[in-house]
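S.K.: Read off the chains here:
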Amino acid sequence: MRYLPHTPEDVSAMLERVGLPSVEALFEALPDACRRETPMDLPAPLTEWDLIIRMESLAASMAAGSGNRVFMGAGSYSHYIPALIPQLLGRSEFTTAYTPYQPEVSQGTLQAIFEYQTLTARLLGMEVANASMYDGASALAEGLLMAIRLGKGRKKVALSQAIHPHYREVVQTYFAPTEFEVLTLPVDPATGRTDFSGLEGMDDLAALAVQSPNFFGCIEDLQSAVSLSHGAKALLVAAFTEPLAFGLLPSPGSQGADIVCGEGQSLGIPQSFGGPGLGMFACRMAHVRNMPGRVVGQTKDMNGERGFVLTLSTREQHIRREKATSNICSNQGLCATASAMYMATLGGTGIRKLAALNRDKAAYLKKALEGLGFTPLFTSPVFNEFTLKAAQGFGRIREKLMEKGMVAGLGLEGLYPEMPEMKEAFLFCATETASREDMDALVEAIRGELL
Amino acid sequence: MNGDFATTGLIFKEALLWEKGKKGRTAFSMPAADVPPAKELPEALQGEGPDFPDLSELEVVRHYTRLSQWNYGVDSGMYPLGSCTMKYNPKIHEKLAALPGFASAHPLLPESLSQGALQLMFELQEMLKAVTGLDAASLQPAAGAHGELCGMMLFDAWFRSQGEKRDRILIPDTAHGTNPASAALCGMKPVALASGEDGILHPEAVAALMDDRTAGIMITNPNTLGLFESHFAEIAAIVHAKGGLVYCDGANMNAVMGYVDMKRMGVDVMHFNLHKTFSTPHGGGGPGAGPVCVVEKLAPFLPVPRVVKREGGYALETEAPLSIGRLHAFYGNFGVLLKAWAYIRSLGPELKRVSEMAVLNANYIRASLKDFYDIAQDRVCMHECVFSDKNLKSFGVSTLDVAKRLIDLGFHPPTVYFPLVVAGAMMVEPTETESVEELDRFIEAMKRIRKEAEESPDLLHEAPQRTRVRRLDETAAARTPCLCGGM
Amino acid sequence: MKDIQDIQTPDNLRYTDAHEWLAADTSPSRMGITDYAQDQLGDVVFVELPEPGSHLEKGAVCATVESVKAVSEVYMPVSGTVSEVNRSLEDTPELVNRSPYGEGWILEITPDDPASLTALMDSPAYREMLKGL
Numbered sequence: 001m002r003y004l005p006h007t008p009e010d011v012s013a014m015l016e017r018v019g020l021p022s023v024e025a026l027f028e029a030l031p032d033a034c035r036r037e038t039p040m041d042l043p044a045p046l047t048e049w050d051l052i053i054r055m056e057s058l059a060a061s062m063a064a065g066s067g068n069r070v071f072m073g074a075g076s077y078s079h080y081i082p083a084l085i086p087q088l089l090g091r092s093e094f095t096t097a098y099t100p101y102q103p104e105v106s107q108g109t110l111q112a113i114f115e116y117q118t119l120t121a122r123l124l125g126m127e128v129a130n131a132s133m134y135d136g137a138s139a140l141a142e143g144l145l146m147a148i149r150l151g152k153g154r155k156k157v158a159l160s161q162a163i164h165p166h167y168r169e170v171v172q173t174y175f176a177p178t179e180f181e182v183l184t185l186p187v188d189p190a191t192g193r194t195d196f197s198g199l200e201g202m203d204d205l206a207a208l209a210v211q212s213p214n215f216f217g218c219i220e221d222l223q224s225a226v227s228l229s230h231g232a233k234a235l236l237v238a239a240f241t242e243p244l245a246f247g248l249l250p251s252p253g254s255q256g257a258d259i260v261c262g263e264g265q266s267l268g269i270p271q272s273f274g275g276p277g278l279g280m281f282a283c284r285m286a287h288v289r290n291m292p293g294r295v296v297g298q299t300k301d302m303n304g305e306r307g308f309v310l311t312l313s314t315r316e317q318h319i320r321r322e323k324a325t326s327n328i329c330s331n332q333g334l335c336a337t338a339s340a341m342y343m344a345t346l347g348g349t350g351i352r353k354l355a356a357l358n359r360d361k362a363a364y365l366k367k368a369l370e371g372l373g374f375t376p377l378f379t380s381p382v383f384n385e386f387t388l389k390a391a392q393g394f395g396r397i398r399e400k401l402m403e404k405g406m407v408a409g410l411g412l413e414g415l416y417p418e419m420p421e422m423k424e425a426f427l428f429c430a431t432e433t434a435s436r437e438d439m440d441a442l443v444e445a446i447r448g449e450l451l
Numbered sequence: 001m002n003g004d005f006a007t008t009g010l011i012f013k014e015a016l017l018w019e020k021g022k023k024g025r026t027a028f029s030m031p032a033a034d035v036p037p038a039k040e041l042p043e044a045l046q047g048e049g050p051d052f053p054d055l056s057e058l059e060v061v062r063h064y065t066r067l068s069q070w071n072y073g074v075d076s077g078m079y080p081l082g083s084c085t086m087k088y089n090p091k092i093h094e095k096l097a098a099l100p101g102f103a104s105a106h107p108l109l110p111e112s113l114s115q116g117a118l119q120l121m122f123e124l125q126e127m128l129k130a131v132t133g134l135d136a137a138s139l140q141p142a143a144g145a146h147g148e149l150c151g152m153m154l155f156d157a158w159f160r161s162q163g164e165k166r167d168r169i170l171i172p173d174t175a176h177g178t179n180p181a182s183a184a185l186c187g188m189k190p191v192a193l194a195s196g197e198d199g200i201l202h203p204e205a206v207a208a209l210m211d212d213r214t215a216g217i218m219i220t221n222p223n224t225l226g227l228f229e230s231h232f233a234e235i236a237a238i239v240h241a242k243g244g245l246v247y248c249d250g251a252n253m254n255a256v257m258g259y260v261d262m263k264r265m266g267v268d269v270m271h272f273n274l275h276k277t278f279s280t281p282h283g284g285g286g287p288g289a290g291p292v293c294v295v296e297k298l299a300p301f302l303p304v305p306r307v308v309k310r311e312g313g314y315a316l317e318t319e320a321p322l323s324i325g326r327l328h329a330f331y332g333n334f335g336v337l338l339k340a341w342a343y344i345r346s347l348g349p350e351l352k353r354v355s356e357m358a359v360l361n362a363n364y365i366r367a368s369l370k371d372f373y374d375i376a377q378d379r380v381c382m383h384e385c386v387f388s389d390k391n392l393k394s395f396g397v398s399t400l401d402v403a404k405r406l407i408d409l410g411f412h413p414p415t416v417y418f419p420l421v422v423a424g425a426m427m428v429e430p431t432e433t434e435s436v437e438e439l440d441r442f443i444e445a446m447k448r449i450r451k452e453a454e455e456s457p458d459l460l461h462e463a464p465q466r467t468r469v470r471r472l473d474e475t476a477a478a479r480t481p482c483l484c485g486g487m
Numbered sequence: 001m002k003d004i005q006d007i008q009t010p011d012n013l014r015y016t017d018a019h020e021w022l023a024a025d026t027s028p029s030r031m032g033i034t035d036y037a038q039d040q041l042g043d044v045v046f047v048e049l050p051e052p053g054s055h056l057e058k059g060a061v062c063a064t065v066e067s068v069k070a071v072s073e074v075y076m077p078v079s080g081t082v083s084e085v086n087r088s089l090e091d092t093p094e095l096v097n098r099s100p101y102g103e104g105w106i107l108e109i110t111p112d113d114p115a116s117l118t119a120l121m122d123s124p125a126y127r128e129m130l131k132g133l
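Chains as they are written, first to last, in this note's numbering: chain A, 1 to 451; chain B, 1 to 487; chain C, 1 to 133.
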């Protein structure tokens with residue numbers, strides 16, 4: 001087998017050095033009670049060629065590929081990834097390296113991550129960012145736990161109902177074994193933004209979390225959220241699923257957010273059926289010793305040369321163990337590197353143009369669908385996603401369109417069973433990858449079914 | 001070769017991104033604006049955009065090409081980091097993960113349009129069950145530590161369902177830091193369990209601490225000394241007798257595939273590190289994946305959604321009232337799961353051979369170096385062995401010096417100063433993908449360093465000499481952290 | 001790491017088995033970590049100080065001292081109230097290494113029961129303990 005270099009001669013010579021008669025003898029320390037009684041039931045090995053055939057067959061059944069006809073966002077976004085990124089990212093010095101514990105031979109990873117941290121901090125308007133967390137959902141959970149650590153004994157957090165439903169579920173999972181409580185602030189059914197009126201009745205809050213643009217695509221009033229939160233002596237945790245929005249909208253940091261966390265997949269990472277993604281996480285320098293995750297710092301070597309090292313390690317599990325700020329070890333290093341490459345490729349000028357283009361595309365699709373009789377559910381401005389109410393029975397039309405490989409939005413009824421407004425509501429997304437022809441084709445296909 | 005095959009090369013200095021570029025340059029091909037511009041945003045919603053540099057395409061390409069040349073990867077040479085399993089990362093997996101059908105797939109595609117991904121995930125679950133002997137699996141955790149957290153949450157959910165609240169858990173002194181950290185996140189206080197003189201856990205020590213307030217035990221097997229926990233089954237029985245659960249940290253699974261039956265041994269929950277045992281690339285710190293396998297009684301508590309096989313195809317099941325819930329926004333690191341699937345499909349039952357060769361390689365190194373370096377436990381090891389700097393102290397040489405000198409000789413150092421139970425530990429895990437010639441080169445290098453330690457220790461103190469940067473000041477980095485550039 | 005004979009243990013101080021020192025002859029009493037502790041820890045990079053005015057029980061963690069690779073907890077040798085903390089450690093944590101008994105003091109406490117201080121080790125007893133390690 002091509003990954004196993006040992007020839008029978010090699011094995012004999014090595015056993016001789018070790019002083020054992022056979023390979024089986026190496027496993028003598030395994031008592032009977034621990035051993036398998038039968039061989040592992042695994043399919044016979046495939047050659048590289050058969051493996052490709054098998055994989056291509058599985059891939060062919062997926063409705064994915066260029067020529068975007070999937071008009072969904074909801075936490076995973078279709079964006080162009082410039083060809084240079086997979087080329088550079090694929091360099092094996094990046095992919096096959098480990099966590100940079102020996103800095104002299106890992107300056108590539110360390111500088112790339114330091115650059116990622118810096119660009120992330122700038123994008124989010126914050127003072128410091130970590131080297132990444134698993135995804136936007138777990139980053140939010142960790143952000144709330146951090147706020148609780150800083151909260152001087154407060155045990156509750158308030159989450160906007162307009163945060164991605166899966167993210168809120170992940171927070172519940174993280175909080176279930178703890179003594180901490182999660183409260184919910186509802187959505188204003190007219191504006192589509194968080195209704196903060198319930199905040200007055202809440203005490204013992206360590207944090208308030210709001211997503212912007214939120215799950216419905218609506219841009220939240222983060223400035224108000226910050227002042228209401230601080231008024232309640234709580235930290236404001238700003239979440240996001242589409243960071244490209246900050247090419248156009250004010251950054252959460254500029255609005256006063258204390259902790260910013262979200263999903264970075266949009267920045268040069270393939271959708272890949274939901275993972276690997278990128279948990280972006282940023283906070284204030286004053287709170288950095290409570291921040292979870294790895295962090296790279298700048299320093300000098302013995303000759304005064306600039307270099308980079310992992311630092312503030314005493315927050316982490318390998319030193320602090322049960323008192324660590326998190327249990328995280330491996331994070332999403334290569335994805336963070338990819339997103340830094342993307343941010344560098346796009347540039348400060350480019351990101352504004354691309355963000356504007358995204359907004360323009362979504363506005364075009366929204367107008368065209370409204371022309372078919374879809375009605376807007378909410379009044380708030382949006383970025384590249386929006387929620388519309390469809391005519392009754394659209395669900396059946398959507399099913400028919402799927403047979404043609406078109407996915408027309410995401411039905412929200414199942415995700416918000418507690419909100420009657422969500423009956424017949426659909427979340428649409430159009431990014432720079434949606435051409436005018438694609439959008440026109442979708443609209444025509446729907447029109448055809450409505451007749 | 002005399003163990004000296006690292007040379008200096010043409011490596012470039014390279015600035016930070018924001019020290020390069022010029023406003024107006026771009027490396028991105030902006031798509032055509034084929035739609036009219038949207039209405040202007042209200043002023044309060046108009047931001048300035050981030051302060052990113054503007055670079056040309058070649059500037060970006062040179063930047064990252066030069067950065068990559070500063071890194072040592074598995075493809076550069078042997079990378080014997082103990083408990084990390086730095087085996088070869090097959091290139092075919094990269095090609096398969098990039099297939100547009102998978103790379104461009106939206107996770108919320110209807111089931112009818114995502115059967116390929118669902119089938120792959122289901123098959124991977126089945127194969128991981130086959131490797132362990134356990135009854136059910138979840139692929140959702142995004143890393144080993146995430147898998148451990150999942151395991152601890154399963155413990156918590158199980159005890160709740162029994163109407164109990166157990167707030168302590170036994171953790172050996174050889175455990176990886178993620179073990180107590182994960183337990184603490186679930187409100188469990190770690191109780192330290194001492195290993196015996198022989199480096200493994202003994203049933204008496206467990207029996208003395210196990211009671212009905214203790215949730216159970218977290219054991220890494222083989223442990224971080226590279227030794228098989230031979231008393232595992234007895235220990236599991238003691239824990240079970242008091243109503244506790246057994247968690248196995250599967251980070252070292254590379255040593256025992258095809259040999260060990262986790263279920264038979266008494267494991268209730270275990271996690272895998274796909275980026276260790278199953279060849280997915282480490283990426284400079286992830287992404288990895290940490291799937292968990294459980295016994296039948298814990299299956300109802302596994303995260304949702306679950307990949308199931310039904311009449312007519314594969315589906316995602318979200319109805320599971322006892323589930324601990326979601327741990328990830330979607331299904332976990334699918335792009336990583338895909339590579340592990342491809343690896344297992346490429347090897348099949350030969351995974352047993354993988355473990356055999358991994359263990360043979362480690363023992364070959366042990367036998368070759370045990371007369372040169374102090375060895376913590378002088379007997380047959382599993383896939384890794386632990387040396388220390390005990391015999392070097394008299395020369396004023398430490399493990400750190402040995403590690404830095406290895407860099408000069410062309411090797412990535414082994415894991416150092418872990419496990420904590422061995423002072424000055426050097427944990428060497430060659431993995432099965434290293435040939436005997438490569439091992440001989442490593443052994444020669446280590447022998448040479450041993451000689452240098454005695455005859456010319458300054459060579460070690462001044463190492464590394466051949467890298468672009470040398471002995472970085474970690475103290476200054478921690479005292480005055482500079483975590484963000486261009487300030 | 002220093003040899004035991006080079007470790008300093010001033011005679012006028014009291015010591016604990018967790019390597020803390022306390023100036024028992026004054027009240028409030030200053031305390032910190034010993035020369036042995038700072039030597040073992042390596043370069044100190046950060047000291048987490050308690051809130052002045054807080055009351056802590058004997059054995060409670062009152063401060064933490066961090067080096068690059070390790071964290072050391074400082075425990076209350078007796079129950080008492082924190083009266084003062086050494087703010088200069090915020091900018092210059094290396095004082096703990098340079099002058100563990102002088103400028104590197106960490107906090108001052110007012111013990112609930114001053115008599116309890118006499119139970120702590122004196123310099124000879126602490127040195128005996130160090131020899132046994």
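Since the hints were derived computationally from the structure, they do not count as laboratory data. One should not assume that every hint holds.
Below, in silico cross-link-like pairs of lysine-lysine (DSS-like), each with a Cα-Cα straight-line distance of 25 Å or less [as the list claims (entries may be wrong)]: (1) Lys393/B - Lys69/C; (2) Lys189/B - Lys2/C; (3) Lys393/B - Lys58/C; (4) Lys129/B - Lys393/B; (5) Lys353/A - Lys23/B; (6) Lys155/A - Lys447/B; (7) Lys309/B - Lys389/A; (8) Lys370/B - Lys447/B; (9) Lys2/C - Lys323/A; (10) Lys323/A - Lys189/B; (11) Lys367/A - Lys353/A; (12) Lys389/A - Lys423/A; (13) Lys189/B - Lys155/A; (14) Lys165/B - Lys367/A.
Computed from a prediction, not measured in an experiment: that's the story for all the values here.
S.K.: With reference to the structure, classify each hint as holding or not holding.
M.R.: Here's how the hints hold up against the structure:
no., hint, verdict
1, Lys393/B - Lys69/C, "20 Å, holds"
2, Lys189/B - Lys2/C, "35 Å, violated"
3, Lys393/B - Lys58/C, "38 Å, violated"
4, Lys129/B - Lys393/B, "47 Å, violated"
5, Lys353/A - Lys23/B, "14 Å, holds"
6, Lys155/A - Lys447/B, "57 Å, violated"
7, Lys309/B - Lys389/A, "34 Å, violated"
8, Lys370/B - Lys447/B, "10 Å, holds"
9, Lys2/C - Lys323/A, "29 Å, violated"
10, Lys323/A - Lys189/B, "10 Å, holds"
11, Lys367/A - Lys353/A, "21 Å, holds"
12, Lys389/A - Lys423/A, "8 Å, holds"
13, Lys189/B - Lys155/A, "19 Å, holds"
14, Lys165/B - Lys367/A, "56 Å, violated"
The structure shown violates the earlier hints numbered 2, 3, 4, 6, 7, 9 and 14.
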